[in-house]
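Undergrad: Order-wise, the sequence lines are chains A and B.
Numbering-wise, the first sequence is residues 1 to 413 according to our numbering.
Numbering-wise, the second sequence is residues 1 to 413 according to our numbering.
Treat the hints with caution; some may be incorrect.
What the hints assert, rightly or not - Chain A residues, not near chain B, derived (Cβ > 10 Å throughout):
| # | residue |
| --- | --- |
| 1 | 40 |
| 2 | 76 |
| 3 | 92 |
| 4 | 113 |
| 5 | 353 |
| 6 | 375 |
To be verified - Which residues of chain A face chain B? A few of them, derived with a C-beta cut under 7 Å, are:
| # | residue |
| --- | --- |
| 7 | 93 |
| 8 | 96 |
| 9 | 99 |
| 10 | 104 |
| 11 | 107 |
| 12 | 150 |
| 13 | 249 |
| 14 | 253 |
| 15 | 362 |
| 16 | 388 |
| 17 | 390 |
| 18 | 391 |
| 19 | 400 |
| 20 | 401 |
| 21 | 412 |
No wet-lab data here; the hints were simulated from the structure.
Since the structure is predicted, the reported quantities are computational estimates derived from the model, not experimental observations.
Even glycine gets a Cβ: it sits at the ideal position worked out from N, Cα and C.
There are 2 protein chains.
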Amino acid sequence: MDAVEIARRAQQARSAVARCTSEEKNAVLLSVADMLDAQRERILAANACDLEGAAQSSAQTAFLDRLRVTQERIDGMIEGVRQVISLPDPCARTPQAHVLASGITCVRQPVPFGVILMIYESRPNVTVDAAVLGIKSGNVMILRGGKESLATNRALRDCLAAALEQHHLPTDIVQLVEDTDRQRVQELIRLRRYIDLVIPRGSAALIRTVVENSTVPVIETGSGICHMYIDSSAEWETAIALALNAKVQRPSVCNAMETLLVHAFWQPRIGDLLQPLADAGVEIRGDEKICRCFPAAHPATEEDWGTEYNDLILSVAFVPDEEAAISHIQQYGTRHSECIVATDRQAVERFMQEVDAAVIYANASTRFTDGFEFGLGAEIGISTQKMHVRGPMGLEALTTYEYRMFGDGQIRS
Amino acid sequence: MDAVEIARRAQQARSAVARCTSEEKNAVLLSVADMLDAQRERILAANACDLEGAAQSSAQTAFLDRLRVTQERIDGMIEGVRQVISLPDPCARTPQAHVLASGITCVRQPVPFGVILMIYESRPNVTVDAAVLGIKSGNVMILRGGKESLATNRALRDCLAAALEQHHLPTDIVQLVEDTDRQRVQELIRLRRYIDLVIPRGSAALIRTVVENSTVPVIETGSGICHMYIDSSAEWETAIALALNAKVQRPSVCNAMETLLVHAFWQPRIGDLLQPLADAGVEIRGDEKICRCFPAAHPATEEDWGTEYNDLILSVAFVPDEEAAISHIQQYGTRHSECIVATDRQAVERFMQEVDAAVIYANASTRFTDGFEFGLGAEIGISTQKMHVRGPMGLEALTTYEYRMFGDGQIRS
């Protein structure tokens with residue numbers, strides 16, 4: 001099926017899902033959970049094919065791990081669906097009407113975004129997450145997963161289609177783009193007339209390709225070169241605990257710390273901070289001063305400051321003052337999550353004011369940048385852009401609004 | 001100055017304006033108003049040069065009218081500045097903090113968008129409007145006006161620069177792109193790293209160029225193929241008055257009606273509706289049935305249904321039912337403003353639910369799609385897209401938010 005056909009079918013399914021009541025949508029999601037449960041063997045068999053294909057092309061362990069589906073991961077998908085069922089419908093409420101000077105009654109009504117294209121890699125649970133969040137918020141989804149997980153994604157799509165059919169809804173509410181041709185993606189992201197939003201999730205290269213070529217509005221996700229700045233006023237033990245958590249607790253995700261900036265005040269005690277990190281297996285890449293004070297450190301290159309390692313590697317530098325830290329973050333940050341450890345209120349305030357990022361922490365780990373931790377109950381990705389939504393994206397990110405104006409014959413003079 | 005240099009200077013000015021208090025920003029705006037008043041002769045002289053240049057290239061009357069600055073229009077600019085001074089600062093409030101499950105206190109803080117590029121044509125007052133709304137909301141503006149108004153825009157920019165200097169603020173807070181080379185615009189809209197937002201205002205061609213080539217996030221404005229659907233349940237006299245107002249009261253703007261869809265029920269009385277329009281100078285372009293019932297109508301072509309006339313021309317068609325009207329709007333609308341005239345509540349509800357547009361009216365003129373009518377106190381344009389802002393854009397559209405997270409050592413487990 002060509003790109004225009006996929007997009008056209010998605011547009012045609014829009015009204016069927018937008019018209020569903022909250023109860024109807026929850027009933028569909030309940031069926032999705034049931035279908036996933038009933039189809040476990042089929043899903044695992046499809047996944048086995050994908051894993052075999054990947055192993056043959058000598059994929060790395062981490063890659064295979066992201067691709068793998070297990071009984072527990074299916075449990076996780078089902079639990080995720082149940083959680084979304086329990087969330088409030090973001091479009092169900094009718095907001096306060098207010099009367100304009102003209103006498104017209106104005107209601108700013110939340111509505112589904114429309115047709116959303118999601119482009120992602122590897123992890124098959126994204127297929128379920130995205131479809132389920134899409135249905136809950138009244139949208140139509142076009143899903144384009146990685147080609148390495150095609151068989152698994154087909155099996156998951158079949159569960160979703162069966163649930164929709166059971167409730168007499170068009171299966172085009174969730175389409176899977178099965179064509180692995182890259183050209184198809186390039187075409188889809190230019191169909192501004194048919195597709196309302198595109199969300200890329202995956203490698204920096206994928207995100208860059210979409211951002212640079214899409215005429216469909218994009219939400220840029222995920223790229224996280226997160227910094228922690230330890231001020232001279234920091235509570236030192238807290239700083240050490242936070243640094244360890246932000247780097248080591250789960251290094252492969254976007255909200256893990258990649259660069260540690262330490263006020264020169266702490267130079268005599270730098271070993272207290274860096275040794276525990278080294279002991280936890282972190283490779284320290286330091287500036288000149290760091291390397292002199294902590295010989296186990298490797299010298300950092302210019303490239304290192306702008307690298308998202310997603311691994312047990314950490315860039316570390318001393319800074320003369322807060323301003324230098326802010327300057328560094330301004331230059332190398334990706335506007336994801338930035339942290340200051342300080343007890344000085346003015347230092348915290350200045351950091352909050354001057355740093356430009358989706359999430360700014362004072363005295364807490366950057367690892368909290370997460371839809372569930374934020375109380376959204378769901379997460380479709382983490383936006384690093386400024387438009388429409390910033391930080392963790394839940395159901396509300398998949399909605400827009402319309403002005404509904406009720407008059408009794410008002411004309412403009 | 002090349003594009004990167006302009007953008008870089010804008011970035012450097014960001015923090016100076018973002019740090020200003022509401023009082024400081026209002027003081028700058030007061031100086032802007034004073035400067036405009038003091039520089040009237042200089043502005044008019046510059047405008048005279050632009051007008052002469054335009055007249056020599058045989059510009060049309062409407063074009064010259066958009067370009068012309070008069071004492072009254074300067075009064076209008078000054079009054080506009082005073083109005084913005086009286087508006088609340090969109091970033092001044094500190095919203096409700098709430099405590100997350102982790103114990104971290106979370107504040108979703110409104111902040112200025114950052115660096116905003118505005119690309120517009122002809123009307124020099126946009127230079128002042130955009131700069132003033134930008135400053136009020138704490139942003140840095142890069143303004144690229146039409147080359148036909150370059151001398152006028154320079155004179156206006158000088159007023160803005162003088163006001164900023166008077167308050168010891170960098171004049172790079174408002175930059176005018178003086179280079180008339182189109183290439184410069186093409187380069188600026190690819191500088192996603194330095195420029196946070198681009199707003200194009202002007203011809204459909206300008207907007208399309210920006211939307212298709214920009215990697216900087218865009219707010220698509222203005223294109224308005226607005227429809228009015230007269231239902232069988234309409235109050236007939238109201239329908240006639242609304243149709244007249246929506247087409248004739250100010251035909252050249254984006255919220256004027258371009259297509260009238262009439263339920264076949266009204267066929268015997270179609271003259272009541274179309275004659276007043278024809279008498280007001282409107283050229284009716286009708287479908288086959290309209291032309292048979294109203295011989296003064298010209299036959300409409302396929303192209304007419306998708307044309308924004310911005311003139312006293314109106315496309316008219318009969319529809320068999322509401323569904324056909326909604327279908328037509330879905331196909332030809334630009335998601336700007338759409339109207340139903342009906343007394344039947346279910347018909348109104350269905351229209352509201354099914355039509356996809358920024359503003360949907362029941363029984364009021366589409367001419368009310370305007371920032372001032374909406375109570376925003378200002379208008380930087382009308383968004384026809386779904387992302388970030390929809391419909392009339394006021395100060396809030398020029399802001400985004402940051403999550404500010406206050407912890408006391410929380411780590412993620």
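Undergrad: Taking 7 Å as the limit, does the beta-carbon of residue 107 of chain A come near enough to a beta-carbon in chain B?
TA: 9 Å, violated
Undergrad: Can you verify the interface hint for residue 391 of chain A: is its Cβ closer than 7 Å to any Cβ in chain B?
TA: 5 Å, holds
Undergrad: Less than 7 Å between beta-carbons is the criterion; does residue 150 of chain A satisfy it with respect to chain B?
TA: Check failed: Cβ of residue 150 of chain A comes no nearer than 30 Å to chain B, outside 7 Å.
Undergrad: Compute the least Cβ-Cβ separation between residue 92 of chain A and chain B, then decide whether it is above 10 Å.
TA: 13 Å, holds
Undergrad: Quick check on the hint: residue 249 of chain A CB to chain B CB, less than 7 Å?
TA: The hint holds - residue 249 of chain A has a Cβ within 7 Å of chain B, the shortest such distance being about 6 Å.
Undergrad: Interface hint check: residue 390 of chain A, Cβ to nearest Cβ on chain B, cutoff 7 Å. Holds or violated?
TA: 6 Å, holds
Undergrad: Can you verify the interface hint for residue 253 of chain A: is its Cβ closer than 7 Å to any Cβ in chain B?
TA: Result: violated, 10 Å to nearest chain B Cβ.
Undergrad: Residue 401 of chain A was flagged as interface toward chain B. Is the shortest Cβ-Cβ separation under 7 Å?
TA: Holds. Min distance 6 Å.
Undergrad: May I ask you to test the interface hint for residue 96 of chain A with respect to chain B, counting a Cβ-Cβ separation under 7 Å as satisfied?
TA: 13 Å, violated
Undergrad: Confirm or reject: residue 375 of chain A is not an interface residue toward chain B, with every Cβ-Cβ distance exceeding 10 Å.
TA: Its Cβ does come within 10 Å of chain B, the nearest being 6 Å, so this is violated.
Undergrad: Minimum C-beta separation from residue 113 of chain A to chain B exceeding 10 Å: can you confirm that?
TA: 6 Å, violated
Undergrad: With chain B as the partner, please determine if residue 412 of chain A meets the hint condition of a C-beta pair closer than 7 Å.
TA: With Cβ-Cβ at 4 Å, under 7 Å, it holds.
Violation of the numbered hints given earlier is confined to hints 4, 5, 6, 7, 8, 9, 11, 12, 14; the remaining hints are satisfied by the structure.
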